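These protein sequence lines map, in sequence, to chains A and B. Everything in the first sequence is counted per the numbering used here, starting at 1 for the first residue and increasing by one. Everything in the second sequence is counted per the numbering used here, starting at 1 for the first residue and increasing by one.
Warning: the hint list may mix true and false statements.
[Stated by the list, open to error] Here are the simulated DSSO-like cross-link-like pairs (lysine-lysine), alpha carbons at most 27 Å apart as the crow flies:
id	chain 1	residue 1	chain 2	residue 2
1	A	K341	B	K4
2	B	K4	A	K435
3	A	K35	A	K435
4	B	K152	A	K407
[Said to hold, decoys possible] If you want the footprint, here are the derived chain B segments under chain A, 3+ residues with CB under 8 Å:
id	segment
5	31-43
6	50-61
7	83-90
8	94-107
9	115-121
10	158-171
11	215-222
Derived by calculation from the structure, the hints in this document are not laboratory data. What you are looking at is a predicted structure, and each value in this text was computed from that prediction instead of being measured. Ideal placement from N, C-alpha and C gives every residue a C-beta, glycine not left out.
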Amino acid sequence: MAAKKKTAAAKAKAAKKTTTQKTTQRAAKKVSQKKVPFKLDSAIPAGAMGEKWDKHRFNLKLVNPANKRKYEVIVVGSGLAGASAAATLAELGYNVKCFCYQDSPRRAHSIAAQGGINAAKNYQNDGDSVFRLFHDTVKGGDYRSREANVYRLAQVSVDIIDQCAAQGVPFAREYGGLLANRSFGGAQVSRTFYARGQTGQQLLLGAYSSLNRQIGLGKVKMHTRTEMLDVVLVDGHAKGIVVRDMVTGKISRHSAHAVVLATGGYGNAYFLSTNAMGCNVTATYRAYKRGAAFSNPCFTQIHPTCIPVSGDHQSKLTLMSESLRNDGRVWVPKDKKIAAKIRSGELNPNDIDDKDRDYFLERKYPSFGNLVPRDVASRNAKEVCDEGRGVVPSGLGVYLDFADAIKRMGENTVRERYGNLFNMYEKITGSNAYKNPMTIYPAVHYTMGGLWVDYNLMSNLPGLFAIGEANFSDHGANRLGASALMQGLADGYFVLPYTIGQYLANVGIDDRPNDDDPAFSAVQQEVETRINNLLSINGDRTPTSFHRELGKIIWDNCGMSRNKKGLEEAIQIIPKLRKEFWQNLSVPGENAALNQSLEHAGRVADFLEFGELMCRDALQREESCGGHFREEHQTPEGEAKRNDAKFSFVSAWEYQGENKIPKLHKETLAYEEVKMTQRSYK
Amino acid sequence: MSGKAMNLTLRIWRQDDAEDSGRFETHEAIDVSPDMSFLEMLDVVNEGIIADGNEPIAFDSDCREGICGTCSMVINGVPHGGQQGTTACQLHMRQFSDSDTITIEPWRATAFPVQRDLIVDRSSFDRIQQAGGFISVRTGSVPDANATPVPKEDSDLAMDAAQCIGCGACVAACKNASAMLFVAAKVSHLSLVPQGQPERERRALSMVQQMDDEGFGNCTVTGSCEAVCPKEISLDFITRMNREYGRAILKKSCS
């Protein structure tokens with residue numbers, strides 16, 4: 001043990017030597033903050049869609065290999081995007097500091113993704129191509145994503161699979177030893193690669209192994225159980241962060257040439273979601289408060305196949321992979337009365353005749369059937385439950401039935417494909433899904449909105465990058481299944497490592513402040529004041545109680561469907577709740593210790609502001625698109641009705657100050673390659 | 001899905017920090033629904049503790065769906081509570097009965113020092129992985145994924161090992177606090193796929209070395225690790241790792 005400590009210390013010393021030498025000695029000066037004027041320039045390269053990325057890569061400035069080791073990059077988050085970026089940047093020679101709130105980078109919530117990862121490999125010879133994946137993703141996103149970014153995503157998707165296979169990721173294989181595929185919602189080809197029901201886990205462990213290699217080599221300094229509480233700008237450029245050590249409470253500052261946020265989504269604004277308990281909006285929201293534009297915050301994805309809520313004690317919701325919809329059939333009884341008898345336990349689903357069942361997705365969408373995109377599947381489940389045909393005691397649940405699949409392929413094949421999901425279902429509900437149909441209901445799962453970024457994945461604040469779920473760029477108003485893993489790894493392995501070089505080459509080696517720069521002191525002071533405030537309210541209510549109340553407001557008014565009245569109400573109520581929070585919060589304990597209530601309180605404080613922004617965004621978007629369903633805007637068949645003339649833009653909100661209405665900016669979306677049509681999965 | 005509410009007595013380990021000697025504290029859990037998860041039951045108890053102006057029980061959890069490996073508590077003497085193949089976060093209260101007394105403790109092992117209450121420091125696991133739990137490939141420098149066929153049987157077996165969530169229950173259950181199952185899972189996973197062959201010996205040697213340096217105990221094949229592993233990682237992988245290690249030593253001494 002002693003020997004190990006010695007080597008670790010020696011390594012740290014060596015790493016420090018290389019990274020701190022070249023920092024600029026800035027003369028002590030006032031916190032002069034030259035502000036960079038607010039500007040949205042998507043920086044999409046010119047030229048044909050298929051050539052943009054190649055040409056752009058050629059045109060990007062390069063950092064000389066010998067100079068890379070003189071740059072320091074901060075990566076916040078260690079999920080698929082963060083771990084892959086940190087590892088790849090370190091491989092290139094940059095010095096990386098990586099931060100995560102978990103006790104190990106391996107635990108980031110990417111690990112929970114079950115179903116798979118898309119790639120346009122066309123290994124199945126079923127007509128897939130980069131263009132088709134691009135087309136499906138733009139269409140699936142209901143024409144609210146940036147075309148050039150999506151095309152690049154589809155292009156690099158093929159490299160991801162190669163990369164992961166080389167890391168030893170045990171993808172599912174056929175007997176010939178080649179990779180197996182399955183199909184996913186919103187696609188008519190089989191392009192999803194998977195590792196049983198644990199694809200996210202295996203991909204993350206792959207990225208984590210590459211990260212570990214770099215940590216061992218001293219190129220990445222990993223800070224676990226460390227939460228980023230603010231970003232530091234120097235003359236308008238992101239040059240560092242302020243963090244809290246979650247074990248000791250120590251607040252510290254870290255400076256760098258650039259900051260990369262890979263901090264995931266904001267689904268926990270709803271309190272109940274499939275996100276991990278710790279997932280939060282703090283990093284991106286703090287960046288927003290420092291001037292980074294927040295885009296499309298109302299674009300949230302409701303996943304159709306989650307286990308229904310069982311009671312008020314519920315702390316989170318559990319997703320059952322969308323891959324289940326490949327073989328499971330979604331239904332409710334045709335008759336409300338039969339549904340009522342099921343709910344009261346008088347009738348068993350297996351006793352309901354086929355003629356009394358309504359396989360509503362197959363009925364309404366004959367060509368996609370149970371594999372319609374997530375937003376469509378979710379809304380239809382809500383609709384039948386609202387009609388009184390739900391099948392669980394709360395009324396909010398539909399069946400996902402495997403009886404036909406078991407008849408067709410045998411129980412063993414079903415077990416091979418979905419065994420772990422069936423086991424998980426039984427642990428949580430106590431019910432055996434081989435014998436009885438599963439019950440499912442939609443739940444918040446993913447957030448398409450995020451920090452606004454340009455083609456280089458840089459926000460409007462120079463030097464601040466956002467990758468993975470933390471940015472807005474690739475999924476438009478709805479993400480297709482198995483595309484989150486693809487995007488996280490695309491950004492981290494194959495996009496950011498190139499594009500960040502351009503920024504670094506432009507600013508130069510000397511553009512890194514010392515962390516005793518007055519800008520850092522000022523931000524640290526603000527962070528400490530805020531923590532002290534949270535600890536000194538001494539009120540009656542726990543952080544959880546506020547979080548739960550906020551979540552219900554947002555779910556009711558800015559959830560699966562939204563309307564003007566509800567959103568306006570929410571915008572009235574949330575500030576009141578926020579006010580009560582700052583007057584009546586109770587956080588026991590102190591800062592200088594491991595204090596989970598304090599951690600939670602800080603995150604809830606940010607959700608209480610951010611939730612209002614979500615509602616404002618949903619209110620201004622007077623159309624329905626993808627996951628954003630405004631009741632006022634639907635087709636006669638009840639489908640989302642877009643308004644391309646007025647709303648074919650990315651919203652980008654600029655913070656204006658405490659309790660001031662943020663300013664809406666728009667990035668117009670132009671579609672060169674994909675023709676905008678009314679999405680139809682019939 | 002509902003059943004009768006229960007009242008339970010909890011004996012919970014409280015410890016302020018690594019230096020504190022720690023003690024058991026008793027709390028009552030009232031009106032517990034059988035549909036609650038074990039951690040939700042603790043959430044409810046904690047809400048009550050905060051309402052009384054006291055500090056809640058610190059425990060680790062994150063995904064709460066059995067895959068991140070964060071949750072770590074010994075429930076009635078068994079890591080994760082004893083339901084086969086189940087993490088504490090997926091354990092549900094229907095496994096318990098009214099008026100039960102439940103004892104809750106942190107993982108106990110020298111290499112996992114307690115940080116607070118039920119939270120331990122498992123960074124030793126990360127360091128073992130950093131010592132060699134990887135295949136050295138640089139991003140971009142790789143062949144087409146289908147250029148190297150992998151027999152399905154090998155890939156499936158590798159996946160059986162790769163499922164390890166790194167929770168540390170194996171160490172907590174072992175009377176020697178051995179990390180052999182954890183290390184064996186990684187060594188086996190990577191030695192079973194063709195991509196892992198070039199570093200096969202180096203990996204086995206350096207991971208085992210780091211495991212020993214971290215202060216984990218030796219394996220005496222009691223099998224308690226396999227019994228509590230929430231991912232049901234087989235003891236066979238320890239045999240496989242011993243073979244890998246022996247092979248590496250032999251190769252080293254012959255070269």
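For each hint given before, does the structure comply? Return the numbers of the non-compliant ones in rising order. Hints 3, 8 and 11 are the ones this structure does not satisfy, whereas the remaining hints hold.
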